Amino acid sequence: MADITFVDVTLRDGNHTYRHQLTPQIISETARALDEAGVDIIEVGHGDGLGGSCVHVGRAPASDEALLRAATSSVKEARIAMLVVPGFGVFPDLEMAADVGVTVARVATHCTEADTTEQHIRKCRDLGLFTVGYLISVGMTSAEKLAEEAAKMESYGAQYVNLAESQGHLTPKEVAARVRAVRQAVAIPVGFHPHNNLGLAIGNILAAVDEGASYIDGSLKGFGGGAGNAQTEVAIAALKRAGHQVNADVFGIMDAAATFERLVSPHPMPIIDNNSLLMGYANVYGGYIHPITHAAEEYGCDPRELVLRLGERKVVAAQEDVVIEEAKRLAKHQQKSA
Amino acid sequence: MSAHNGRIGVAIIGSGNIGTDLMYKVRKNPNFEMKLMAGIDPESEGLSRARELGYEASSDGIESVLAAEGVQIVFDATSAKAHQHHAPRLAQAGIMAIDLTPAKVGPSVVPSVNMGRGQQATNVNLISCAAQATVPIVYAVSRVTPVKYAEIVATVSSRSIGPGTRQNIEEFTHTTQKALEELGGATRGKALVVINPADPPIKMRNTVYAVIDDDADDEAIKSSILAMVEEVRRYVPGYIITVEPFRRGDHFMIGLEVSGAGDYLPSYAGNLDIINAAAIAIAEQHAAHRETA
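Residue numbers (the working numbering), protein chains in the order written: chain X, 123 to 460; chain D, 16 to 308.
Mixed in with the good hints there might be a few duds.
To be verified - Below 30 Å or equal to it, Euclidean Cα-Cα: the simulated DSS-like pairs (lysine-lysine) are:
(1) Lys163/D with Lys43/D
(2) Lys193/D with Lys96/D
(3) Lys450/X with Lys436/X
(4) Lys454/X with Lys237/D
(5) Lys193/D with Lys237/D
(6) Lys237/D with Lys450/X
(7) Lys163/D with Lys193/D
(8) Lys454/X with Lys436/X
(9) Lys267/X with Lys295/X
(10) Lys163/D with Lys450/X
(11) Lys274/X with Lys436/X
(12) Lys274/X with Lys295/X
(13) Lys436/X with Lys198/X
(14) Lys274/X with Lys96/D
(15) Lys96/D with Lys458/X
Claimed, not checked - Per label pair, the in silico range of CB-to-CB distance:
(16) Asp125/X with Asp228/D: 56 to 66 Å
(17) Arg244/X with Arg249/D: 10 to 20 Å
(18) Asp232/D with Glu420/X: 43 to 53 Å
(19) Thr202/D with Ala380/X: 36 to 46 Å
(20) Pro214/X with Gly131/D: 31 to 41 Å
By construction, these hints were calculated from the structure, which means they are not laboratory data.
From a predicted model like this one, the values you see are computed outputs, not experimental measurements.
Beta carbons: idealized from backbone N, C-alpha and C, even for Gly.
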C-alpha cells in the first residue's frame, strides 16, 4: 500500500473561497491545528500564490510575508509551502519566502506551459527549497501532453510534479490515465490535487494513488475554488480505509477542520451548487466561482450562460478580466433581446 | 551618415518570432535596407525565411553582425542575457542598438510616451510587449490625476511567445513593472503575465487597473485614455478597446486587444506587432535625427 505525503491547501487554495481575505490570525491558528494533526505540508498564501494579491484577482488583507510568517511561526513539525506562478511572483518574493522559513516551493503554470517555470524552479532549488512542478488545469490537455510537460519540469530540477485538476471535470478513469502517463515519463514522485465539482474529488484521489501518486492535496472542509477541493479530513480517512499510510490522524484532522470552520464562521463551507456543478461539467477553472457570481449580479446576466461562454473561450487560471468582459457583453446582449 | 542609396543599413539579431516578424516590417519600410539576419540556430525558420527573401542570413550570431558592412542599426531580439553581451560590443562598433529583450541596458522608450528620450542614446530598450501595450494607458491616467497604483494583466497566446520570452519571464515581469512606474508615472506598479494556449489562438489582450483618488475627474481620465488609444493606433492600427474605461470602486479599469498586421505570425500575435512597431518607430526617428545631425 502507498505511503502518502499529505499536503493541505486550505490556507492557499481556500483563499479563493474566502475572496483572498484569510488573515494572519486565521492562518496561524489553522496551521497550528494542521501541524498538531500530523499533516506533512501546509500550503499558505494568496489563492494565486506569491505576488497574487492584486486588483485583478483580489487584494489580500496582509502582505505575503505576514501570511507566510503567521504559518512558519506556528508549526513544529509540518513543512510550510508557498505557491508561485511565474508571471505573478518574482525572485524577491521567493527570497522573502525562504527567509521567513518556507521550505517547500510549488512552481505552477497552466498544464501546457511548463517551459515558463524553468527560471523559477532553478531559483527555488538554488534557495535550497524542496521544489515542486505544479501543472494547473490538467483536464484541459491530454495525458500524452501532460507527460511531456512533467518531464520538462523534472529536467529543470523539480523534485515532484503535482497534477492539479482545477476544474473538477475529470472522472476517475481519466485521472488514472493522466497519472499513469506522467509516472511513465518521469522518475520523480507524482502528486494530485482534485476539485469536487462533480462530487468525484475523493474517488479521483483513490484512482490517482492506485496509479502511483504519492503526494495528495486537500483542504479542510473542502475549502477551495469552485465546489471546493477534496475535503482533507475525508481524504485522510478514506486513504486510511483503503489501506494507505498517512501520517495525520483522523481525530486530529477532524479537530483541525472544526477549528478552521469556527475561525471563518459564519462563512459557508463549499457545496456543489448549480454554478459549481456547471463549471465542472463545462471544464471552467474553479477559482472563478466568486468572480462569476459577482459579475453576473453586478452586470445583470445569467451566471450559467457566463459559465458556458467562459468554457467556450477556454479561459485559463488568472483571466478574471475576461469574466468581467463576458459578463458585460452578455448583459448587453440580454438587454437587447429583452 | 546614411547609406549611399539614402537608406539606413539594418541588421536583426535573433531569428525567433520577434526577429522574424521584424524582418517583414523592415522589408516594408522604405527608410531601411536589410543587411543581415543573424541567429544562432542554423535550422531556424527565421534564417531560412530571410534567405528566401534574398537577405544575407547567418547563424554566427553577434560575430556576423560585427563583420557585416554598412550596418547602422541593430535590432536585438535575442534574450536579456545575450543582449548584455551584445550591448558593449555594438556600442564599441558605433552601432545603434534597439533592444527588444528585457535586458534594460539603455533607456526605456514607449513611442507614445517618451519618444524624444531615445534620440541621443545609442542603446534603447523596448521593455516588453506588455509594457508597450499598457504603459501608454497608465501614462494617460497619470497625466490627469495621480496614479497611486497601476496594475496590468497581459494575456498572450501560447503560440505567439517563443523560448526566449519563456526563459525570461522573470525579467519580462520585472521590467514591465518598473516601466509602469518610471514611464507610466504610477507610484507603484505591478505586472501580471498570463499565457493562454487556446486554439484557435486568442488575440493579445491587456487589462489596466489604475488606483486613483476618490475625487479624481472621471470624465477627464476617460478622455485622456481615449486620446492615448488613438495615439497608439497611429503606429499599431490593431490596438482596440474591448472594455471601455470605467470606474470600479477605487480604480479605473480598461480592456484592450491587440491584433497584429499578420506579417509573420497570424493577426492573433498582436504582442509581436506592438513591440516591433515601436522598434520601427524609434529606428525611423533615429534615422531622421542622424540625417539632420
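Hints, verified against the model:
Annotation: proposed proximity of Lys163/D to Lys43/D is violated, straight-line Cα distance about 41 Å (limit 30 Å). Proximity of Lys193/D to Lys96/D is assessed by CA-CA distance (about 18 Å); at most 30 Å being required, the pair is judged to hold. At roughly 18 Å between alpha-carbon atoms, Lys450/X and Lys436/X fall within 30 Å of each other, so this suggested pair holds. At most 30 Å may separate the alpha-carbon atoms for a hinted pair to count; Lys454/X and Lys237/D meet this at roughly 21 Å.
A C-alpha spacing of about 24 Å is found between Lys193/D and Lys237/D, which places the hinted pair at or below 30 Å, so the restraint holds. The straight-line distance between the Cα atoms of Lys237/D and Lys450/X is roughly 18 Å, inside the 30 Å bound, and the hint therefore holds. Between Lys163/D and Lys193/D the alpha-carbon distance is near 14 Å, which keeps this suggested pair within the 30 Å criterion. Proximity of Lys454/X to Lys436/X is assessed by CA-CA distance (about 21 Å); at most 30 Å being required, the pair is judged to hold.
For the given pair, Lys267/X sits about 17 Å from Lys295/X by alpha-carbon distance, which is consistent with the 30 Å threshold. Distance restraint check for Lys163/D and Lys450/X: the Cα-Cα separation of roughly 27 Å lies within the 30 Å cut-off, and the hinted pair is therefore satisfied. About 24 Å separates the Cα atoms of Lys274/X and Lys436/X, which keeps this hinted pair within 30 Å; it holds. With a CA separation close to 25 Å, the supplied pair Lys274/X and Lys295/X stays within the 30 Å bound.
Pair hint Lys436/X plus Lys198/X does not hold up; C-alpha atoms about 42 Å apart against a cutoff of 30 Å. Between Lys274/X and Lys96/D the alpha-carbon distance is near 22 Å, which keeps this suggested pair within the 30 Å criterion. Under the criterion of a C-alpha separation no larger than 30 Å, the hint pairing Lys96/D with Lys458/X is inconsistent with the structure, at around 53 Å. Between Asp125/X and Asp228/D the beta carbon distance is about 57 Å. The supplied range of 56 to 66 Å therefore holds.
Remark: the range hint 10 to 20 Å for Arg244/X to Arg249/D is contradicted by a beta-carbon distance near 42 Å. The hinted range of 43 to 53 Å is not satisfied by Asp232/D and Glu420/X, whose Cβ atoms lie roughly 24 Å apart. Against the hinted window of 36 to 46 Å, the Cβ-Cβ separation of Thr202/D and Ala380/X comes to about 44 Å, which satisfies the hint. For Pro214/X and Gly131/D, the hinted distance range of 31 to 41 Å is satisfied, since their beta carbons lie about 32 Å from each other.
In the structure shown, a violation is registered for the earlier hints numbered 1, 13, 15, 17, 18, in ascending order.
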